[in-house]
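For reference, the chains in residue letters:
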Amino acid sequence: MTFFLTLLALVVTLGLTWRYLGSYMAAVFDGRVHFLAFVERLVYRLLGTNPEQEQTWKRYAGAVVVFSGVSLLFTYAILRLQTWLPMNPQHLGNVGSALSFNTAASFVTNTNWQNYGGETTMSYFSQIGALTVQQFVSPAVGIAVAMVVVRGFARKGSSTIGNFWVDITRCLFYILLPIAFVFGIIFVGEGAVMTLAGTATIHDVLNQVTQTIARGPIAFMEAIKQLGTNGGGFLNANSATTFENPTGFTNFLSIYLLLAIPFALTYTFGKMVGSVRHGVALLSVMVLLFSVWVGFTSYGEHQNNPAVAAAGIHSTVGNTVGKEVRFGDTSSALFGVASTMTSTGSADAAYDSFTPIGGMGLMTGMMLGEVTPGGTGSGLYTLLIYAIIAVFIGGLMIGRTPEYLGKKIQAREVKLAGLAALVMPIVVLVVTAIAVSVAAGRAGPLNAGPHGFSEILYALTSQGNNNGSAFGGLTGNTPFYNIIGAIDMLLGRFAIMIPVLALGGALAAKNVVPESLGTFRTDNGMFVGLTIGVILIIGGLTFFPAVSLGPIVEQLSHGRFF
Amino acid sequence: MSQVLAPPTTDAPPHGVAQARGLFDREILSQAFVDSFKKLDPRVQVKNPVMFVVLVGSIITSLEAISHPSTFTWSITIWLVLTVMFANFAEAMAEGRGKAQADTLRKMRSETEARRLNADGREELVPAANLSKGDTVVCEAGDVIPSDGDIIEGIASVDESAITGESAPVIRESGGDRSAVTGGTKVLSDRIVVRITAERGKTFIDRMINLVEGANRQKTPNEIALTILLAVLTIVFIPVVVTLQPFAAFSGATVSVVVLVALLVCLIPTTIGALLSAIGIAGMDRLVQRNVLAMSGRAVEAAGDVQVLLLDKTGTITLGNRMAANFFPVEGHNEQEVADVAQLASLADETPEGRSIVVLAKENFGIRERQLDPSHVFVPFTATTRMSGLDMGSRQIRKGAAESVKRWVLEQGGTVPDDLDAIVERVARAGSTPLTVTDGPQIVGVVELKDVVKQGIKVKFEEMRKMGIRTVMITGDNPLTAAAIAQEAGVDDFLAEATPEAKMALIKQEQEGGRLVAMTGDGTNDAPALAQADVGVAMNTGTTAAKEAGNMVDLDTNPTKLIDIVEIGKQLLITRGSLTTFSIANDIAKYFAIIPALFAIKYHQLGALNIMRLHSPESAVLSAVIFNALVIIALIPLALRGVKFRAANSSAILRRNVWIYGVGGIAVPFIFIKLIDLVLVALHAY
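Which chain is which? The protein sequence lines are H and P, in order.
Just so you know, we're using this note's numbering here: the first sequence kicks off at 62 and counts up by one.
Just so you know, we're using this note's numbering here: the second sequence kicks off at 1464 and counts up by one.
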């Protein structure tokens, strides 16, 4: 019952957010919001950019690469030098080079894969100056790239597609910072820890044990962790701890925050291309797939754990292994699906202990390419890639050169969309193949057999999709996994972004074909169905053999599928 | 619009170059069989990325079969080679039909002698092949015109049946829009002097041969885009299959290379990959069957995208001739009198309009056609009098334009009835032509000559509208008349008092709005517009300039065919889209056949995925591969004929095709793979 009330509350709050945050974001990126104009001007002067001057897609892509490259270097440098930097009450040493590389790549790509325990590795300065800063700017980059594609559809015969520095500045100051600030306060109010004092030490007289309790500036990181679909927590146990996620309310807020922007961007899309119906169509694709995944993952977790049942123990509260008892089975499944399907990767339970079916829900949620609703910005632009492929096939079936929002989908668009869609499955499969083939990779998983395979596959799927969700069970902090993971993340981010930007440029340059009765409708149920079909085919057909060797065979070993 | 002496009917059976051939003509079949071996050449295969992968796969399995021979390995190898062969066969079938047509054309290009006129005016006999552009030749009755050209002197009736299949001769004369003649046609009467306009080897027939043979066939824009998508769908499955080997090794399972190749071939879109070029060739071929020559595949595709059709009124929307529809008496006379006088005036008038008056008078009032007396004198229509009629002794009967008749009556000392202008005005407003009839100085009434809208054309326009295509009627009539006819015919818009400039401006305006425009034309002054239009269909009777400007030529000179062309263009794209969907949808069943078989030894649990209950791992894999190959053969007729096209709005078409080819594409392989498995078991192969 509580579970259904939670769902209801989510539908209501996300619905309102979709409408109002969506239209607000459209106003921000159309340049109609000015209340912080003085800050904007200052930033532009510092950057030496003229906000009136727009960029071609190539210059825009150049700016994205330069900005991300500099971010990568800065983050890496801070981690490598943290001993000598301020705000290090625990006197933690410098972070190793491979781990620093992995972590820098992870936060710059909005992945937040963590091969470290935050409280035992990162100084406060690293947490704030390196990691939290990236938690703000990396989603801003994603949203900016999504805006390029949106403008591609909205504009007509244009050679420019916006100014990266303007987009990212507006995104930070008008959207991410204010919202994160408000919700940071709420998290503090609910009891999330927020302090710059070092660890607390308590001495338990009764049991004669001394405990060191990690703490730090957690609450504010928490808000942007979810809002920016980052997922990297301050503490190793992420949202399963009471310091990060103190109450049922903050648990709800976490789920709400990580879904807010990815869903709302579909409204922004509809508003900016001049047809909210088109935004609704994309939203429907996201919501339908998301609901199905929530459905079967929570169903899976609500069942008895097969291993526990085999031991003759009957549980009436679902699979509670590895769950926070405060949240329970179905709610943890909801959190898990929301977190894996938004490329967030935060966790309030141990995913390794999910039932094979539940674990498969999380893993396949990522394999669909993070589009339901996906990461901030990246969800929208990746979904548009799939939509373009759907439009192409569907458009042919009605006997017209396919067009989407009046833009003809021709060889160049198919090539770029195809390229962007190819990257993720190929990168994930190839790095997984490497990991299972070399000794350094085979040493990683805790378990043997199909579950061990799942552990590797999950980790590299998570990084390739810039999710950061950890299944657990894999010893990731090794030079091999640090480096291959970093490559996985960087390719999964930028090898998609570049063709996506090129696509935005190609679309913006096109003229608009007026709509007629003969036009393939891209705002109705049929389009939604076809797009879902393409997502399932690219995700499903490419990963089916791999998944069958992991969770499917594992579940079947327990005698039945469901 | 120039007129063919005998207008062809819309539903004429295929004729001319497009001789009806069954889909599986024996001759074409055997030629295609031979060609499918020739096409195994890797240099040919590499152009088709999907089939190239299959070819490479079959090489890998045959190496495996040689080193570790087994029935299974050899069976897979053979079926993979067959898959490539079937694709070749499909393409060869499509090409074969074109080749057969080209042969017919070649026979036509007879080795005639041309009578070339030299500068000094003497004739010289030279082989037709030696003529070059700018030469002048003489052709007389019985001669075959040696090459394409324009008549610069004389008039002749020409038998063009060799090209159009139309047996009725056409009139060709110097000057104007009917001066073009085509090499290979035959002069039936009179003598003409022709200036050759075609370069050697580039005559109309030569171009036709090239076209139907597909000698320089290039991939069309949409075909390129689809090829890229298919390449993407091929590339993505290569790592899927290749990585399975290490995945399986990690899991402690072994998978054979042969099965992996089989899996890859089953997953990549071989069905559409095999049929793609056949679909394109067949689309061109379907146009040829309807006596339309498309100069490029691009034009055929563009036809599917057309959003605006510019249609000439005369001959396309209306029958060429106006017909008498009503008699309106002026005050003091009755309808019968008008009919009587009008019939007298038209007795000697052999124009279709005149005949129709005679017929209407007979039908409505039983006025029998009277015999002409030798003393009766027919007064023909002239541009100056703008009247025609009959002089019966002192009785002078006239019919003609109201103004001319009025002037004539006043000259005769008669008076103009007060209500005449009102009647004339009313008739004109209805889109008809008023013809005033007078018996000497006494005006009796008005005959309404109506433009007769072709039967069934309104329904066609309705269909066009459903498909989202706007129809615009082009006419030289005044806006009043044009509006009335436009309404009757059900076109969306009209351009009245059209000049070539106005036509051109309209096309440009539509194109600036992002719409693709199709039009027909035949006159030299249509040429710029034909060139500007995205699909310009020149009539075969048109001038050389028009034919060169357009990107299609209609050999039947039937402007209504523009609508058919649009449908063929759409059908081409629909066939591609549907088979692509079908091909991808097939993958699901193939997974369920192969994945459990792949890991059967290590993970017998995966047998739960064997929902088809296939006999054994080997029979499962082989069944999937056999299905994958046979489905190509099974779909060749569909690829050549095209997916059934029905005029409907986009949503209805999409729904239908998604059901048939999407949902059907998921279900069909489950059934047939199971059946093939049963057959294999029954044959004791496994």
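Among these hints, one or two may not hold up.
[Unchecked claim] Lysine to any residue pairs mimicking SDA-like chemistry, simulated, CA-CA at most 25 Å apart:
#1 P:K2065 <-> H:N572
#2 P:K2065 <-> H:R582
#3 P:K1502 <-> P:S1533
#4 H:K476 <-> P:S1759
#5 P:K1682 <-> P:P2100
#6 P:K1971 <-> H:N572
#7 P:K1923 <-> H:A370
#8 P:K1502 <-> P:H1531
#9 H:K476 <-> P:E1527
[To be verified] Some chain P residues near chain H, calculated using beta-carbon distances under 8 Å:
#10 V1703
#11 A1846
#12 M1855
#13 S1857
#14 G1976
#15 E2011
#16 I2116
[To be verified] Some chain H residues judged to face chain P by a derived CB distance under 10 Å, without partners named:
#17 L146
#18 P147
#19 L349
#20 V353
#21 H363
#22 L466
#23 G467
#24 G479
#25 G513
#26 G533
#27 T536
#28 P540
#29 F604
Hints are computed from structural coordinates only; laboratory data are not their basis.
Think of the CB as a built atom: it goes at the ideal place given N, C-alpha and C, for glycine as much as any other residue.
*What hints, given by number in increasing order, does this structure fail?*
1, 2, 3, 7, 8, 9, 11, 12, 13, 15, 17, 18, 19, 20, 21, 22, 26, 27 and 28
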